[in-house]
Amino acid sequence: MSSTGGLAQFQQVFIEESLEGLDTMESSLLALDDGGDGELVHTIFRAAHSIKGGAATFGFPEMASFTHEAESLLDEVRGGKRAIDKPIVELLLRSVDCLRGMFDRARAGQPLNDATSDDVRGELAAMMGRAAPAAAVQGRRAGDQAEAWIIRFHPHAGMLAGGNDPLRLIRELAGLGELAVEADLSRLPALAKLDPSECHMGWSIELKAPVRREDIKAVFDWVEDECDLAIEPKPSAVVTPAAPPAPANIAEAAARGTREANADSGSVRVSIDKIDGMINLVGELVITQAMLDTFREEFDPSRLALLQHGLTQLARHARELQESVMGIRMLPIASVFNRFPRLVRDLSQKLGKQVKLELHGEQTELDKTVLEKIGDPMVHLVRNAIDHGLETPQKRRAAGKSDMGTLKLDAYHRGGNIVVEVSDDGAGLNRGAIVGKAIERGLIRSGEGLSDEAVGELIFQPGFSTAEVTTDLSGRGVGMDVVRRNVSDLGGTVTIRSKPGQGSVFTITLPLTLAIIDGLTAAVGQERYIVPLVSIVESVQLKPEALKTVVGGGELFRFRGEYLPVLRLHELFGCDGAKRAIEDGLVIVVEGDGSRVGLFVDGLVGQQQAVVKSLETNYRRVQGVSGATILADGSVALITDIAGLVRLHGRRKAA
Amino acid sequence: MAKILAVDDSASMRGMVAYTLRGAGHEVTEAENGQLALDAANGAAFDLVLADVNMPVMDGISMVRELRTRPSYKGVPILMLTTESHTDKKMEGKAAGATGWLVKPFDPEQLLATVKRVLG
Amino acid sequence: MGSKREHSAPAAVEIGLPADCRMAAQAALLAELLGALDAPATQLDGSAVERVDTAALQLLTLFRREALSRGCAVSWRGASTTLCEAAETLGLIKALDLPAAVPA
Numbered sequence: 003m004s005s006t007g008g009l010a011q012f013q014q015v016f017i018e019e020s021l022e023g024l025d026t027m028e029s030s031l032l033a034l035d036d037g038g039d040g041e042l043v044h045t046i047f048r049a050a051h052s053i054k055g056g057a058a059t060f061g062f063p064e065m066a067s068f069t070h071e072a073e074s075l076l077d078e079v080r081g082g083k084r085a086i087d088k089p090i091v092e093l094l095l096r097s098v099d100c101l102r103g104m105f106d107r108a109r110a111g112q113p114l115n116d117a118t119s120d121d122v123r124g125e126l127a128a129m130m131g132r133a134a135p136a137a138a139v140q141g142r143r144a145g146d147q148a149e150a151w152i153i154r155f156h157p158h159a160g161m162l163a164g165g166n167d168p169l170r171l172i173r174e175l176a177g178l179g180e181l182a183v184e185a186d187l188s189r190l191p192a193l194a195k196l197d198p199s200e201c202h203m204g205w206s207i208e209l210k211a212p213v214r215r216e217d218i219k220a221v222f223d224w225v226e227d228e229c230d231l232a233i234e235p236k237p238s239a240v241v242t243p244a245a246p247p248a249p250a251n252i253a254e255a256a257a258r259g260t261r262e263a264n265a266d267s268g269s270v271r272v273s274i275d276k277i278d279g280m281i282n283l284v285g286e287l288v289i290t291q292a293m294l295d296t297f298r299e300e301f302d303p304s305r306l307a308l309l310q311h312g313l314t315q316l317a318r319h320a321r322e323l324q325e326s327v328m329g330i331r332m333l334p335i336a337s338v339f340n341r342f343p344r345l346v347r348d349l350s351q352k353l354g355k356q357v358k359l360e361l362h363g364e365q366t367e368l369d370k371t372v373l374e375k376i377g378d379p380m381v382h383l384v385r386n387a388i389d390h391g392l393e394t395p396q397k398r399r400a401a402g403k404s405d406m407g408t409l410k411l412d413a414y415h416r417g418g419n420i421v422v423e424v425s426d427d428g429a430g431l432n433r434g435a436i437v438g439k440a441i442e443r444g445l446i447r448s449g450e451g452l453s454d455e456a457v458g459e460l461i462f463q464p465g466f467s468t469a470e471v472t473t474d475l476s477g478r479g480v481g482m483d484v485v486r487r488n489v490s491d492l493g494g495t496v497t498i499r500s501k502p503g504q505g506s507v508f509t510i511t512l513p514l515t516l517a518i519i520d521g522l523t524a525a526v527g528q529e530r531y532i533v534p535l536v537s538i539v540e541s542v543q544l545k546p547e548a549l550k551t552v553v554g555g556g557e558l559f560r561f562r563g564e565y566l567p568v569l570r571l572h573e574l575f576g577c578d579g580a581k582r583a584i585e586d587g588l589v590i591v592v593e594g595d596g597s598r599v600g601l602f603v604d605g606l607v608g609q610q611q612a613v614v615k616s617l618e619t620n621y622r623r624v625q626g627v628s629g630a631t632i633l634a635d636g637s638v639a640l641i642t643d644i645a646g647l648v649r650l651h652g653r654r655k656a657a
Numbered sequence: 002m003a004k005i006l007a008v009d010d011s012a013s014m015r016g017m018v019a020y021t022l023r024g025a026g027h028e029v030t031e032a033e034n035g036q037l038a039l040d041a042a043n044g045a046a047f048d049l050v051l052a053d054v055n056m057p058v059m060d061g062i063s064m065v066r067e068l069r070t071r072p073s074y075k076g077v078p079i080l081m082l083t084t085e086s087h088t089d090k091k092m093e094g095k096a097a098g099a100t101g102w103l104v105k106p107f108d109p110e111q112l113l114a115t116v117k118r119v120l121g
Numbered sequence: 013m014g015s016k017r018e019h020s021a022p023a024a025v026e027i028g029l030p031a032d033c034r035m036a037a038q039a040a041l042l043a044e045l046l047g048a049l050d051a052p053a054t055q056l057d058g059s060a061v062e063r064v065d066t067a068a069l070q071l072l073t074l075f076r077r078e079a080l081s082r083g084c085a086v087s088w089r090g091a092s093t094t095l096c097e098a099a100e101t102l103g104l105i106k107a108l109d110l111p112a113a114v115p116a
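Chains as they are written, first to last, in the working numbering: chain A, 3 to 657; chain B, 2 to 121; chain C, 13 to 116.
Chain A with its partners taken away, still in its complex shape:
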C-alpha cells in the first residue's frame, strides 16, 4: 500500500492494537493451557486474524505471512481438525514472542524477519505438515476473447434485498462498451402478489466490445450464486486469445509499502466517554463564566451570594476538569498485570514450583508514565516471590500447606494514591538469614531489638541478597534497593510485611499522577518550597536542647525513639534571610528511600495542589528538587525531592 499523507498515523495505531492483540493471544493461550474452554481458541484466532489483515494493509508483508502460518494452525484447531495440546500452545506462545519482536523491529525501522522468526515460521509450517510456502504468485488465466458478447442474466429473487442491484451491474457493464439491453418480463407475477424486494425480471444483454470473458465475469463476481448467468461470444465474433497479461504479484505490490519512521510518539488512546465528559465540563465552565461575567457590568452588593455561588461552581468545575484531563493519562493496570501469567508460568516450570497466580483490580487506572515504569519493579518482586518466597511442593507439604502456592497481584485506590500489592503465601522472610547477612555486610551490628519492620527494611539496602544459591532468575545483581529506587523515582514508596511460614506482602504506594502533587508549602527566607504530602510524617518544633551536634557538623534530633538528621533547607539551597535558630522555625519529618530526615524550614504557609513543571525540561536537573510549580501569586516554588534529599544527605555524611 502507499501510506500517503495522514494514513501513516494508522500504522502507529495498528502497531499499538496489535501489541494488545498479542497480549490477548498470550493470556488466552495460557488460559487454554490451564484447560480453558473452546471460546478461547476463537479469541486467539480473531487476534491473529486481525494482525494478519492489518499487517498486509499497513505495509508489513513479512508479518502478514508469519501470522498467516499461525492463523492456519489455529484455523485447524478451531475447525476441530486438530486437538490443542502442549506443543501447539508452546509453539504459538513462541510465535507471539516472535511477532512482538517483529513489531519492535518495525518501530525501529529494522528488517522484520530474524533467525528466530524464520525458525518459528518453519516450525509452524512443519506442524502443518508442509514446508514454509514461498509467497504464492498467482497468475490469472487469460479468458476467452470475442468481438462481442451475449450475456443472459437472470437474478434469483433474493438478489435485490442483498444489495446487488442489476441497475448497478448493467451500468458497470456499460463501462466496458456499448450495450443493447432487453428486459425479460415473462416471469413477473401479479401486482397483488409482488414482493417489491424480490426480483422477477431477467435480461439479455449484447455487449459490443472486444473484451475478455473475465472482465465480464468480474462485474458479476459478487452475484455468481445469486443469479443464472450465461456469457457467450456473439456468434461469428470469435477471435484468438491474446497473450496473457503479466501476473499480478500481490506480495510484491504489498512489499512496496513505505515504512514511515515509527518513533514512539507516546500517544494515548482515549475513550469517547472520557472526551464527552470533558466537553460537558467545558460547557458548564462556559456557562458559569458567562454568569460571572454579568458582575463585570454591574456589581450590586445584594448579589454577593450569587457571586459566591458562581465562584464555588467555578472552583468545582475547574477541579472536575482537572480530574478528567488527568484521567486522559490514566490507563488500567491490566496491561502490566497481563505480562505476569506468562512470566509466572515460565518461572515456576523452571523452578519446579507450582504457582497459582491471582490478579485483582486490573481495571485500576494509573498515570501512563507510572504505568510504563512500574512494570520492571513489579517483575522483580514477582520473580523474587517465586524464587525466594514460594517453596517447592515438597517443602510446602512438609509445612502442612497445599502443593500449589498462591501469588497475588492486587491494585486499588487508597486516598489519593494507588496501591499495588504483590503477595505470596510462601515461607515469609527468613529473619535469621537476613540479620546474618546484614551483619556480614556491615549494615547492622546485631539483630537484637530489631522490629520485624526494621528487619524487612534491611532487604531494601543496597547490595543485599539472601538467596542461598544465586539463580539466573533473581540473582542478577539487581536487588530490592533498585526496586525501591525505581518506585521512589515515581514518587512512591515500597514496604514489606511478612509472617514466617505464612508469606510476604510487598506494598507499592504510588501517586495517582505525576503531573500534580499534593504538598505543603514551606517558607524558607523569601523562597517557597513544596514538600510532597505523601512524604510527610509529622511537623515538630524543636527546643535548642533537643538538637545534638555530632562529629563532622551534622545535627540530630530524637524522634519517636530514633535519631534523625536535620537538613537545613536554607543551607542546602542557599536562601537568604531565613531563620537560623532551631526554636524559631519548624522541622518537617519526612520519609524517603526508607529513611527519615527532618527538614528545617521557617514555617508552613499552607497546603495546596501543585502542578508539576519539569525543571529538566525548562532548566536542568537539580539534586534534591523534583520540579517547580507556580504559586497563586505567580511566583515560582521548587518542589522538594525527598528521596533525593535523603540520598544527598547520605552522600555528605559519607564524604
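Possibly wrong hints are sitting among the right ones.
Lysine to aspartate or glutamate pairs mimicking EDC-like chemistry, simulated, CA-CA at most 20 Å apart [stated by the list, open to error]:
hint, chain 1, residue 1, chain 2, residue 2
1, B, Lys90, A, Glu585
2, A, Lys210, C, Glu100
3, B, Lys4, C, Asp32
4, B, Lys117, C, Asp32
5, A, Lys195, C, Glu44
6, A, Lys83, B, Asp89
7, B, Lys90, A, Glu226
8, B, Lys90, A, Asp223
Just so you know, these hints were derived from the structure itself, not from any lab.
A quick note: this is a predicted structure, and the numbers were derived from the prediction, not measured.
Following the hints, put chains B and C in place on chain A, whose structure we already have.
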C-alpha cells in the same frame, strides 16, 4: 455524497477506511463491532455499510443477518471486509445477506473504487 | 405522494413518486398502485425522483402492464432524467413508455 457506516474492531483498519472515505467527501460513522453498528443503524439511514467479519461481541455475519431483517436495510449495499480468501467465508457472508466483499489487504484506491462501484 | 380518489365515481388518480424511490419506499408505493388499478386512468409523476433502483422500476413496469391489461390508461406527468436513464439501462423504456434519456 453517501452516508457510510464503517464497522471494524481494529481501530487502525477502521480509521484508515473512515479517513479514506471522508477524504473522498463521504459522511462516515464508525462502529467497533456488530452490536454497536446495529445501534448506529437504528438512528440513521446509511447508503452503504462496510463491515469486518471477525469481531468480538457480534461478528459481521450476524450483523448482516440482523440488519437484513429490517425493512429499511433491504437492498442497502453491505460489503464485508475480509481477509478470508476461502470462499466459504465469503459465501457465509453472502448467505447472511451481504452484497459483496473487499478482500484485505486493500489500499485506499481499491477501497474507493469498490465503494464507487457499489454506490453506482 | 398524495392520491386523490373520489368515492362515487372513480376518476383519474395521480401518483407522485418520492425523491428516494428505492426499495424502502416501495411497500407504500405498492399499496398506492394497487389502489390505482381500480381507477380509469392513472397519472404518474416521476419528476421528483432522484434515486431509483431496479425494484422500483420492476414495480412500475408491472403496474403499467396490469393497468393496461385492465383497460386503464397510464401516463406520465413528468419524469426526471435519473428515472429515464435507469429505465434505459434496464431496457424498460418501452415497457414503461418513458422518453429515452437524451443527454441535454
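Hint consistency between B/Lys4 and C/Asp32 [alpha-carbon to alpha-carbon, up to 20 Å]: Roughly 14 Å between the alpha carbons, so the hint for B/Lys4 and C/Asp32 holds.
Given the hint that A/Lys83 pairs with B/Asp89, test it: the Cα-Cα distance must not exceed 20 Å. Judged against 20 Å, a Cα distance of about 16 Å means the pair holds.
Would you check the hint for A/Lys195 and C/Glu44, treating anything up to 20 Å between C-alpha atoms as holding? 14 Å, holds
Tell me if the straight-line CA distance from A/Lys210 to C/Glu100 falls inside 20 Å. 17 Å, holds
Taking only the CA atoms, is the gap from B/Lys90 to A/Asp223 under or equal to 20 Å? 15 Å, holds
Would you mind confirming whether the straight-line C-alpha gap from B/Lys90 to A/Glu585 stays at or under 20 Å? 83 Å, violated
Please work out if B/Lys117 and C/Asp32 have their alpha carbons no farther apart than 20 Å. Holds - the C-alpha atoms of C/Asp32 and B/Lys117 are around 19 Å apart, at most 20 Å.
Check whether the Cα positions of B/Lys90 and A/Glu226 lie no farther apart than 20 Å. 15 Å, holds
When the structure is compared with the earlier hints, a violation turns up for hint 1 alone.
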